[in-house]
Structures are given as C-alpha cells and as structure tokens.
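Asker: Below, each chain spelled out in residue letters.
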Amino acid sequence: MSFATKRLGKELSKINNNSLPPGIELVSADDFEEWYLDIKVLDNNPLYQNQVYRLKFKFSAQYPIEPPEVVFVKLANRPIPIHPHIYSNGIICLDLLGQAGWSPVQNVESICMSLQSMLTGNNKNERPAGDEEFVRGNRLRPKDIDFYYHDNNV
Amino acid sequence: MPPPNTPDDVLSDQGDSNTLTFIEPDQPSETETTAAMRTARTTEPQTAPSQRGPVILPLDYQILDYADTVDETLLCPVCRTAFHSPIITSCGHTFCATCINRALEVQPTCPIDRKPINKTIDFHQPPLIIKEQLDRLKVKCPNKGCDQICSREHLEGHYEHRCEYTQVLCPSLRCDKRIARRYLTTECMHHQEPCEYCGESVAEVDLADHYDYVCTGASSRCEWCEAAVVHHRLEKHIQEDCPETEVDCKWFPIGCKVSDKRFKVVEHEQDCPYEIIGRLVRERTEDRKLIDSLVDRINALENQANDRHDRRARRSHRDFLLPPSSMGLNGAADDLESLRSSSSPESYMLARFERLEMRMEDLTKQLQELDAYQSSFVLQQLYPINNQLVELASKVGVLNMHTTWLMNMQRLQQRTGSTVNLSNSNMPSANDSPRQDFGTRPEFPDRQAFPIVNLPLRGLVDEPGSQYFRADDRRSSIGRDMNASRL
Chain A
1 MSFATKRLGK ELSKINNNSL PPGIELVSAD DFEEWYLDIK VLDNNPLYQN QVYRLKFKFS
61 AQYPIEPPEV VFVKLANRPI PIHPHIYSNG IICLDLLGQA GWSPVQNVES ICMSLQSMLT
121 GNNKNERPAG DEEFVRGNRL RPKDIDFYYH DNNV
Chain B
1 MPPPNTPDDV LSDQGDSNTL TFIEPDQPSE TETTAAMRTA RTTEPQTAPS QRGPVILPLD
61 YQILDYADTV DETLLCPVCR TAFHSPIITS CGHTFCATCI NRALEVQPTC PIDRKPINKT
121 IDFHQPPLII KEQLDRLKVK CPNKGCDQIC SREHLEGHYE HRCEYTQVLC PSLRCDKRIA
181 RRYLTTECMH HQEPCEYCGE SVAEVDLADH YDYVCTGASS RCEWCEAAVV HHRLEKHIQE
241 DCPETEVDCK WFPIGCKVSD KRFKVVEHEQ DCPYEIIGRL VRERTEDRKL IDSLVDRINA
301 LENQANDRHD RRARRSHRDF LLPPSSMGLN GAADDLESLR SSSSPESYML ARFERLEMRM
361 EDLTKQLQEL DAYQSSFVLQ QLYPINNQLV ELASKVGVLN MHTTWLMNMQ RLQQRTGSTV
421 NLSNSNMPSA NDSPRQDFGT RPEFPDRQAF PIVNLPLRGL VDEPGSQYFR ADDRRSSIGR
481 DMNASRL
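Going down the list, the protein sequences come from chains A and B. Using full-length UniProt numbering, you'd call the opening residue of the first sequence number 1 and step up by one each time. Using full-length UniProt numbering, you'd call the opening residue of the second sequence number 1 and step up by one each time.
Heads up, some of the hints might be wrong.
Unchecked claim - Once the Cα atoms are required to be at most 30 Å apart in a straight line, the calculated BS3-like pairs of lysine-lysine come out as:
hint	chain 1	residue 1	chain 2	residue 2
1	A	Lys-14	B	Lys-140
2	B	Lys-257	B	Lys-236
3	A	Lys-10	A	Lys-56
4	A	Lys-10	A	Lys-40
5	A	Lys-74	A	Lys-58
6	B	Lys-131	B	Lys-115
7	A	Lys-10	B	Lys-119
8	B	Lys-138	A	Lys-58
9	A	Lys-56	A	Lys-14
10	A	Lys-14	B	Lys-177
11	B	Lys-131	A	Lys-10
12	A	Lys-14	B	Lys-236
13	B	Lys-257	A	Lys-10
14	B	Lys-177	B	Lys-140
15	A	Lys-74	A	Lys-124
16	B	Lys-140	A	Lys-10
17	B	Lys-257	A	Lys-14
18	A	Lys-56	A	Lys-74
19	B	Lys-144	B	Lys-264
20	A	Lys-40	A	Lys-14
21	B	Lys-144	B	Lys-131
22	A	Lys-74	A	Lys-14
23	B	Lys-115	A	Lys-10
24	A	Lys-10	A	Lys-58
25	B	Lys-131	B	Lys-119
26	A	Lys-10	B	Lys-250
27	A	Lys-58	A	Lys-124
28	B	Lys-115	A	Lys-14
29	B	Lys-236	B	Lys-264
30	B	Lys-264	A	Lys-10
Claimed, not checked - Covered stretches of chain A, going by a simulated chain B footprint (3 or more residues, C-beta under 8 Å):
hint	segment
31	71-77
32	103-109
33	128-139
Unchecked claim - According to the in silico footprint, chain A covers these stretches of chain B (three or more CB under 8 Å from chain A):
hint	segment
34	77-83
35	90-103
36	106-116
Keep in mind that the hints were calculated from the coordinates and are not lab data. Glycine is no exception: its CB is placed at the ideal position from the N, C-alpha and C atoms.
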C-alpha cells in the first residue's frame with residue numbers, strides 16, 4: 001500500500017463520516033487514483049450563480065508529498081467556470097496546485113475550498129490571456145505547465 | 001483495498017523507517033537451515049537467506065486503526081495518522097519523522113508555514129508528554145483475524161512476538177510468500193492445488209477461506225428447501241440456515257411449545273409471548289450466577305479473616321507466655337507444619353510471611369534496645385575517663401612549668417658563673433629578657449610559649465563532647481536504618 005493510498009483512505013473515510021463543507025460534494029472515488037467532486041459557489045456572485053462545476057483529481061503515488069492534478073471537467077450540465085485563471089479546457093492556474101505552492105498538509109477538501117473562494121472572489125468575466133492559443137497548442141499535463149503566478153488580486 | 005502488510009507496502013516504506021527492526025525469530029531460522037539443506041541436496045538454484053527479506057514485516061503505523069477517535073492535535077498533518085516517532089521543527093510544528101523527511105526531499109520548507117528547514121539542525125525531540133499520549137492510544141491489531149486491542153506502546157510487542165496472525169515468511173526457501181504464524185508448518189503451504197469440489201486451483205493456506213466464501217463446485221440439492229448448496233457446506237446449511245428444516249422456538253427451554261419450519265419460527269420469535277419471561281429468566285440466571293460467585297468470594301474472605309484472627313490470637317497468647325528469645329523457629333515451625341497440612345498453600349505462605357514480619361519487628365525492637373543500652377553504657381564509662389584525663393593534663397602542665405622553671409634556673413646559674421668576663425654590650429637582648437622573666441615571676445607570662453601544655457588541654461576540653469555526639473549520632477543513624485528496612 002503506497003503512502004498515497006493510505007492518506008487517501010484516511011481522507012475518504014473522513015469525508016464519508018462527517019461529510020464535506022457546504023457546496024462541495026464527492027461524486028465518485030472508485031480507486032485511489034482518480035476522484036471526481038462537484039463544487040458550487042455559495043454567495044450571489046452572478047458569474048457562477050446556480051452553476052455546479054465538476055472537478056477531476058488525479059493522484060500520483062507520491063501524494064500528498066506531490067500535488068494532485070486538478071482540472072475542471074466539461075459535461076452537459078457541468079460547464080467550465082469563467083475565470084481569468086481557468087482555461088477553457090479546464091486547466092487551472094493556481095499556485096497551490098503547482099510544485100512550489102503545494103504543501104503536503106493540503107488535502108482534497110482544502111483544495112476544493114480554495115477553488116471555491118477563488119471563484120467567489122472573482123468579478124471578471126474573462127478567460128486568461130492567450131486562452132485559445134493555449135487550449136489549441138497545449139499537450140502538456142497541467143502539472144508540467146510552467147505557470148507564472150503574476151496576479152495576486154484574484 | 002488490499003489487506004494490510006502486503007509486500008509492496010514494505011518496499012515503499014522501508015526506505016526511511018529508521019526505528020523499525022526486522023526480527024529474526026529462532027524457530028523459522030531453524031526451518032530455514034533444514035530447507036537450505038534440502039535445496040543443496042537437490043542442487044537447485046540456491047537463494048541466500050539474506051535476500052529473502054525480513055521474517056516479519058515491520059509494523060506499519062500508518063495503517064493502524066485506533067479504537068477511539070484520535071484527537072486532531074495528535075495527527076500528523078502530512079499522513080493524517082497519529083504521529084509515529086514524531087519530531088518538532090524549529091518553527092514549532094510536529095510531524096512524523098518519515099513524513100517530514102519525505103516532504104523535505106521535495107521542498108526544504110516547513111509544510112505548514114513554509115519557513116526554511118534544515119533537518120540536521122532544525123529537528124528536535126518532542127516533549128515526553130506527547131510520546132506518552134501517543135503510547136496510551138488504544139489501537140487495534142492490524143492483522144486480519146486478530147481482534148486484539150491494546151495501548152500503542154504494547155502493539156509492537158504483540159505484533160512481533162505474540163500475535164498468532166502475524167504474517168511470517170514461508171519456511172520453504174523457494175517460496176517468498178508469507179503465512180499467518182498460527183498456520184506455520186515446516187512445509188510450504190503456497191503451492192496451488194485444484195480444489196476437490198470446484199477444480200479451481202487454490203493454495204493450501206487459502207483453502208478454508210475458499211470453501212467458506214468462494215467455492216461453487218459440486219453443489220448438492222438440499223433435501224428440505226431444494227436450494228443448491230455446495231456439498232461440504234450442506235450440513236452447516238441444514239443446521240443453521242435452511243428455512244425449511246424444523247426447529248424449536250428459541251424459548252423452548254422455558255416452555256414455548258412452538259416448533260415449525262425455520263422461516264416460520266423466525267417470524268414467530270419476533271413476537272413470542274415467552275420472550276418477556278425468557279428475558280427475565282435469562283437475567284435471573286445471570287444474576288444467580290453473579291450472586292453465587294459473590295457468596296463464594298464472601299465465604300472465602302471470611303475464612304481468610306477468621307484464619308488470620310485465630311493465628312493472631314494464638315501468637316499473642318504465646319508471646320505472652322514465652323520470653324521473646326525463645327520464640328524461635330521451633331515453635332513457629334510446629335505451628336506452620338500443622339498449617340501446611342490443614343490449609344491451602346496460599347494461606348500457608350501468608351501465615352509464614354506474617355510470622356517472619358513479626359520476628360523482624362521483634363528483632364528490630366531488640367536491636368534498638370541494645371543500641372540504646374550500649375550508647376548509655378559507653379557514655380557512663382567515658383565520663384570518669386574524661387575527668388581523669390583532664391586531671392592528668394593539668395598535672396602534666398604543672399610538671400612542665402616546674403621543669404622549665406628549673407631548667408631556666410640552672411641556665412641562669414651557669415651564665416652567672418661563666419659570663420663574668422664578657423662585656424654586657426655583646427648580647428644585650430639575650431641577656432636582658434631571661435633575667436627579667438625569671439627574676440620577677442615563677443609562673444609563665446605567655447601561654448603561646450608553651451604549646452606542650454596548651455595542646456593537651458584544648459584537646460581534652462573538646463574531645464569528650466565530640467565523642468559524646470558521635471555516639472549519639474551513630475545511634476540515631478542506626479535507628480534510621482531500621483526504620484527504612486521496616487518500611
């Protein structure tokens with residue numbers, strides 16, 4: 001049993017025992033490699049009102065030493081939220097999810113809450129600069145992309 | 001989830017678990033040698049035992065299941081389990097040693113506040129109170145099948161030495177699988193053989209599990225319920241599960257007359273009128289048992305108390321009749337002999353112990369008396385001697401004075417005889433003072449000039465007192481020792 005499995009087992013049993021904070025729901029956790037969660041924004045931010053977003057977590061065997069790969073997934077009733085740091089293919093530019101910003105004390109729940117607050121605090125109805133180009137050209141995995149975390153406002 | 005302690009588990013964890021030790025018990029090593037001999041004879045490729053890995057996999061603290069919820073503050077923020085061999089960083093955060101080392105390999109900062117950490121200087125031992133709290137956590141044994149719950153500090157001992165379900169290395173050199181200690185034989189039980197009922201190949205060690213949960217082969221039809229049941233499970237099915245077999249209500253022993261097919265009886269048992277009485281009867285029998293055991297205990301205690309009382313009475317009687325010196329082993333031995341034959345070994349030992357204790361007390365008392373007597377005796381003897389010594393010293397002093405005076409007289413006489421021709425200016429000081437002294441005083445003016453007289457006097461004044469105190473001190477220290485030994 002790898003380190004990741006043991007840690008994720010603990011997280012899962014905690015989620016099953018006393019549920020997640022409001023606005024976060026576990027959709028599926030069939031193994032210890034890929035989990036799906038739904039999040040929604042709780043306040044009245046018009047950009048995200050009445051919307052639910054699907055998140056995909058991919059865990060490596062080194063989790064939680066290494067960050068999981070977290071992206072938004074597009075489905076019929078699950079759009080990709082509009083945000084200056086979220087590309088339209090679901091890739092999220094958040095320092096918390098990069099090697100440098102990650103800390104092993106973070107967990108699935110805390111990531112979801114960070115994303116929730118990232119959406120809550122946003123009021124720009126726009127995609128990141130160069131979104132189209134990036135979405136067309138990117139073949140890298142999210143964690144290998146070298147983001148430049150320039151914007152501390154959103 | 002795979003069962004705990006699977007081999008890959010160790011492969012991933014062995015790297016930095018520095019506190020865990022690999023145990024090599026005697027028994028398997030013995031079988032190992034026989035196995036090695038066997039392999040050598042058959043000239044098959046030989047595996048050195050050192051390559052086989054540990055006999056018992058080290059206990060994995062991260063998969064432990066705790067009996068009670070562990071307080072948040074005792075959970076490592078990285079692995080989210082109760083700390084195992086915790087360390088404290090210089091910024092004050094606690095982690096398992098393994099976890100923080102792994103995290104630092106990726107990023108040399110504290111996972112919580114991101115302060116830089118150098119593991120050679122920034123790691124400190126946590127306060128003992130944390131270790132104690134961790135030691136006290138109640139934890140379940142991680143072995144499948146074992147339901148032991150103990151405090152965490154004792155778990156490792158249980159897991160490594162006592163638990164019958166701990167997986168140990170297969171005795172065969174050619175097999176690197178593991179087997180629960182309780183099923184360990186000298187033969188390898190991992191070779192696959194077809195199950196006699198379904199034909200599926202199963203290792204001998206898994207056969208019981210296979211029969212109970214997996215095997216589907218060679219089913220027979222149950223004569224009661226017509227269900228297809230695996231052959232070897234049929235008897236158990238008829239006795240315990242089959243809904244069509246006739247059984248009695250479970251309250252039959254207290255008078256319920258219902259006896260029917262199992263599924264009907266199960267229905268009936270839901271509201272059997274005898275249930276209330278049955279429960280009462282059961283409770284009553286339990287109470288009865290409890291009362292009986294309590295009565296037994298009370299009787300036993302009473303007997304003990306009586307015994308003790310008798311013995312004490314007898315002893316005080318004898319003490320009154322006999323002087324303490326004659327209360328030796330003889331009388332006690334007779335008494336003990338009769339006790340040994342008449343009562344249990346426990347009360348015999350108790351009696352013996354009590355007797356010895358009494359003797360100890362007596363001896364202590366006697367010793368104290370003797371000591372007191374001796375000290376007073378010494379004091380009595382010492383006083384006159386001291387006085388005599390003082391007297392003698394003063395006499396010696398007087399004699400000393402006389403001899404000096406006489407010697408000076410003699411010298412004076414010689415000088416008056418021989419210095420007629422000498423001029424006075426030659427030795428004025430040597431001449432002046434003696435003449436002055438001995439001419440005017442027969443006694444000596446300066447005590448410093450006569451240390452011989454002085455010293456014994458001083459000693460005699462001081463010494464009797466100090467000797468007195470020493471004797472007293474010794475006695476009190478003996479008394480203290482006695483007190484200590486009695487405690």
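Asker: Next, verify each hint and record whether it holds.
Answerer: Verification of the supplied hints:
no., hint, in the structure
1, Lys-14(A) - Lys-140(B), "holds (18 Å)"
2, Lys-257(B) - Lys-236(B), "holds (25 Å)"
3, Lys-10(A) - Lys-56(A), "holds (19 Å)"
4, Lys-10(A) - Lys-40(A), "holds (24 Å)"
5, Lys-74(A) - Lys-58(A), "holds (16 Å)"
6, Lys-131(B) - Lys-115(B), "holds (25 Å)"
7, Lys-10(A) - Lys-119(B), "holds (27 Å)"
8, Lys-138(B) - Lys-58(A), "violated (34 Å)"
9, Lys-56(A) - Lys-14(A), "holds (19 Å)"
10, Lys-14(A) - Lys-177(B), "violated (33 Å)"
11, Lys-131(B) - Lys-10(A), "holds (22 Å)"
12, Lys-14(A) - Lys-236(B), "violated (39 Å)"
13, Lys-257(B) - Lys-10(A), "violated (52 Å)"
14, Lys-177(B) - Lys-140(B), "holds (24 Å)"
15, Lys-74(A) - Lys-124(A), "holds (21 Å)"
16, Lys-140(B) - Lys-10(A), "holds (16 Å)"
17, Lys-257(B) - Lys-14(A), "violated (50 Å)"
18, Lys-56(A) - Lys-74(A), "holds (10 Å)"
19, Lys-144(B) - Lys-264(B), "violated (37 Å)"
20, Lys-40(A) - Lys-14(A), "holds (21 Å)"
21, Lys-144(B) - Lys-131(B), "holds (27 Å)"
22, Lys-74(A) - Lys-14(A), "holds (28 Å)"
23, Lys-115(B) - Lys-10(A), "holds (27 Å)"
24, Lys-10(A) - Lys-58(A), "holds (17 Å)"
25, Lys-131(B) - Lys-119(B), "holds (20 Å)"
26, Lys-10(A) - Lys-250(B), "violated (43 Å)"
27, Lys-58(A) - Lys-124(A), "holds (28 Å)"
28, Lys-115(B) - Lys-14(A), "holds (29 Å)"
29, Lys-236(B) - Lys-264(B), "holds (19 Å)"
30, Lys-264(B) - Lys-10(A), "violated (44 Å)"
31, 71-77, "violated (count 0)"
32, 103-109, "holds (count 4)"
33, 128-139, "violated (count 0)"
34, 77-83, "holds (count 5)"
35, 90-103, "holds (count 3)"
36, 106-116, "holds (count 5)"
Violated hints, in rising order: 8, 10, 12, 13, 17, 19, 26, 30, 31, 33; the structure is consistent with all others.
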